[in-house]
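Here is what each chain is made of, one letter per residue.
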Amino acid sequence: MSIQVSSELLDGMVLALLKREDMYGYIITNRIAESVSISVSTMYPVLRRLTTAGLLETYDKPFQGRNRRYYRITVAGRMKLVEILKDWEQYKISLDEILYPKNEKHHTREGVK
Amino acid sequence: MTVEEYFSELAQELQPMPAADRDSVLEYYHEYTEDAHITSGDALTVQLGTPKQLAAQLLANQSIKETVTVNETAPTKPHYRQNAHNTWLIVLAVLSLPLSLPLSIAVGAILFAGLIAIAAVAFAVLITLGALVLAGICVTIAGLYIGFTLIFSNLFVGMAYLGFALIGIGLTLLLAPFTYQTTLFFVHATSNFSRYLYTKVTRNKHLSAEGGSQS
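Line by line, the protein sequences give chains A and B. Just so it is clear: in the first sequence, position 96 is 95 by numbering that gives the first Met the number 0, and no numbers are missing. Just so it is clear: in the second sequence, position 32 is 31 by numbering that gives the first Met the number 0, and no numbers are missing.
Incorrect hints may have been included.
The calculated lysine to any residue pairs, modelled on SDA-like cross-linking and capped at a C-alpha distance of 20 angstroms, are [what the hints assert, rightly or not]:
#: 1; chain 1: B; residue 1: K51; chain 2: A; residue 2: V39
#: 2; chain 1: A; residue 1: K60; chain 2: B; residue 2: S23
#: 3; chain 1: A; residue 1: K60; chain 2: B; residue 2: E33
#: 4; chain 1: A; residue 1: K79; chain 2: A; residue 2: P44
#: 5; chain 1: A; residue 1: K60; chain 2: B; residue 2: H36
#: 6; chain 1: B; residue 1: K51; chain 2: A; residue 2: K18
#: 7; chain 1: A; residue 1: K79; chain 2: A; residue 2: S1
#: 8; chain 1: A; residue 1: K18; chain 2: A; residue 2: I31
#: 9; chain 1: A; residue 1: K79; chain 2: A; residue 2: I31
#: 10; chain 1: A; residue 1: K60; chain 2: B; residue 2: D22
#: 11; chain 1: A; residue 1: K18; chain 2: A; residue 2: N29
It is worth saying that the hints were derived from the structure and are not from the lab.
Starting from the given sequences, assemble the full structure and let the hints guide the process.
Spelled out as structure tokens, the structure:
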């Protein structure tokens, strides 16, 4: 896919993933990379930023004689996710207005009726 | 290149970073490498770029992050300041109430008086026009009546009165449509103005209700 994902959107995707369950870096990277083209090295800064912003917290879990760092969404993170989803919804609508002009007109006409 | 070599080089390149940050970066990528079952430094280079490239990216990100956090905290301060600002404005408004209340009443009274004056002028214009039309009709009827009664005994006086009657007809025909249009205009203007007032008042109410729910 040639469309680049903004960092705000990437934040939202990570928060949405972690809302379902706690994950560690490798899994998060893979899940995100399944749907958008990102390089492996972009994930660390995202996780780091979200953690320092208090939207995520980390805890270590022993795994095969080493530690795995899990990321967990905080209450602030959940609130941020709601905010991002709202923004995304708005953004999607305003983009669709331009990308699908006919379709959108049809929609608003129905809405007026 | 082995994985260990890759990481020692990365650690070297990350020297400008604070030690705690550097440790957490290295830990993260160590863990990633093990989870991804990457066993050679070359495979790591394919995924992450050379240690130098990765380090440059991380360092750049750190500086961006710092500016971002500065930017993120910046807008909250003016917000508080704005609130304080508003509070002071309210205090000021309350303190100036003894002066501003009579002043606002006076301004309101002046506006009201102006409105009354405009309405009075409009009413006067309408009444005048109506009176002129009525006068035209009266002159017509009187002229016709007197003219016809006098025309047989006194031809010229009777014709003069018939002439007055014709003037009356002309005046009425001229002024009647004009009066009608003017009346319509004033009616429209009044309804438009009251509609404008209504929307203004209701919108203000709506806005204040919204503001109340937000705070």
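Any of the earlier hints contradicted here, and which numbers? 6 and 7
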